[in-house]
Amino acid sequence: MIETMSLVDQYCHGVLRTELGLGTFEAHLARSEGPPAPGTTFFDTQTGFAVRRWCPPLLGLEPHCPPARYLARRRELGVLEAGRRLLRGSGITTYLVDTGLPGDLTGPAEMASTGDADAHEIVRLELLAEQVADTSGTVESFLANLAESVHAAAEHTVAFASVAGVRHGLALAPEPPGPGEVRGAAGRWLTHRPVGGSLTDPVLLRHLLWIAVASGRPLQLHAGLGEPGLRLDRTDPALLTDFARATAGLGTDLVLLHGYPYHRHAAHLAGVFPHVYAGLGAELVRTGARAAAVLAEVLELAPFGKLLFSSGAHGLPELHVVGARLFREALARVLGTWVAEGAWSLGDAQRVAGLIAEGNARRVYGLE
Numbered sequence: 127m128i129e130t131m132s133l134v135d136q137y138c139h140g141v142l143r144t145e146l147g148l149g150t151f152e153a154h155l156a157r158s159e160g161p162p163a164p165g166t167t168f169f170d171t172q173t174g175f176a177v178r179r180w181c182p183p184l185l186g187l188e189p190h191c192p193p194a195r196y197l198a199r200r201r202e203l204g205v206l207e208a209g210r211r212l213l214r215g216s217g218i219t220t221y222l223v224d225t226g227l228p229g230d231l232t233g234p235a236e237m238a239s240t241g242d243a244d245a246h247e248i249v250r251l252e253l254l255a256e257q258v259a260d261t262s263g264t265v266e267s268f269l270a271n272l273a274e275s276v277h278a279a280a281e282h283t284v285a286f287a288s289v290a291g292v293r294h295g296l297a298l299a300p301e302p303p304g305p306g307e308v309r310g311a312a313g314r315w316l317t318h319r320p321v322g323g324s325l326t327d328p329v330l331l332r333h334l335l336w337i338a339v340a341s342g343r344p345l346q347l348h349a350g351l352g353e354p355g356l357r358l359d360r361t362d363p364a365l366l367t368d369f370a371r372a373t374a375g376l377g378t379d380l381v382l383l384h385g386y387p388y389h390r391h392a393a394h395l396a397g398v399f400p401h402v403y404a405g406l407g408a409e410l411v412r413t414g415a416r417a418a419a420v421l422a423e424v425l426e427l428a429p430f431g432k433l434l435f436s437s438g439a440h441g442l443p444e445l446h447v448v449g450a451r452l453f454r455e456a457l458a459r460v461l462g463t464w465v466a467e468g469a470w471s472l473g474d475a476q477r478v479a480g481l482i483a484e485g486n487a488r489r490v491y492g493l494e
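Just so we're on the same page, the working numbering is the position in the sequence shown counted from 1, plus 126.
In short, the hints are calculated from the structure, not lab data. Please read all numbers here as calculations on a predicted model, not as lab measurements. In this text, a Cβ means the ideal position worked out from N, Cα and C, and glycines have one as well. It is possible that some hints are incorrect.
[To be verified] Have a look at the derived ranges for each label pair, beta carbon to beta carbon:
{"no.": "1", "residue 1": "D260", "residue 2": "R143", "range": "18 to 26 Å"}
{"no.": "2", "residue 1": "S471", "residue 2": "L148", "range": "43 to 51 Å"}
{"no.": "3", "residue 1": "E207", "residue 2": "G375", "range": "47 to 55 Å"}
{"no.": "4", "residue 1": "D230", "residue 2": "Q257", "range": "12 to 20 Å"}
Work the whole structure out from these sequences, hints included.
Next comes the structure, spelled out in structure tokens:
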């Protein structure tokens, strides 16, 4: 039996503090630009089926109970008690929380209290730049304040996260932009940007990445699956090959988040570059009962010291549960098969499981 007693969720978001109806709840089960097919709900997905398998027992119900019954029990307990039971039942002992999404979401301190776990903040670069832009009157003050804000954030955050792939695409020029190029891009953006406007300029996105690289903190990069409306072909992690080469030897680790359906590409980069790591998160949650097959494909190429568990969860505590349970089940199935076939020893399988579940994350992020 392959066991992972402790899990470090190296990338997730907080959970919603508000009660949810059926429609709002199921909308969080799929990243879709529209409603589900007529006569179905988003519970009719691998993620929805996984929620029905793993979450009802934590709320005192039988596995696979109907969605309406599950949500009625959730409302009966209340959002706080349901969240407490779910997070504490996930087996996650440390959360690294990206606080860069809008909405009434819990922060690291609340995640720690509710989940009876440790929690640390991940700072999202693009949100930080947008906040600086809202309070900077000139190009010069914006650029100076941006560098200062990233430096100050590096004093307390465990990592920076970038959604450059979501905002523009990962096919960015790998080298840092020159000072004149940065000033010109900042001037154009600040002139035409409304208050709160999103950062999508490729020059400024590159500038942000290189400021973060200079901080020495791990840099998480979103790749593969993402938000609705995303052009998936622009988020293939293979597009980061030149950036990975340009940042080699500088002392900053790059962590490729999600990756699916390009998870083999992310695994390949983790194998080629010493400072590149691959996260295991949304690909397992989205593939559900097929998670073991996806995990096995990642393990084909990536060194075992370069893989890190995450749930990638956002909004629903159920997604933290599903991420953790699917990871444990998939890892036990894949490694257990290799042990049974004689390809691996049980001791080696247990050691590798511990690395992926928590050991690698503790090393990369400097966690105690």
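Evaluation of the provided hints:
no., hint, verdict
1, D260 <-> R143: 18 to 26 Å, "holds (25 Å)"
2, S471 <-> L148: 43 to 51 Å, "holds (48 Å)"
3, E207 <-> G375: 47 to 55 Å, "holds (50 Å)"
4, D230 <-> Q257: 12 to 20 Å, "holds (18 Å)"
Of the numbered hints listed earlier, not one is contradicted by the structure.
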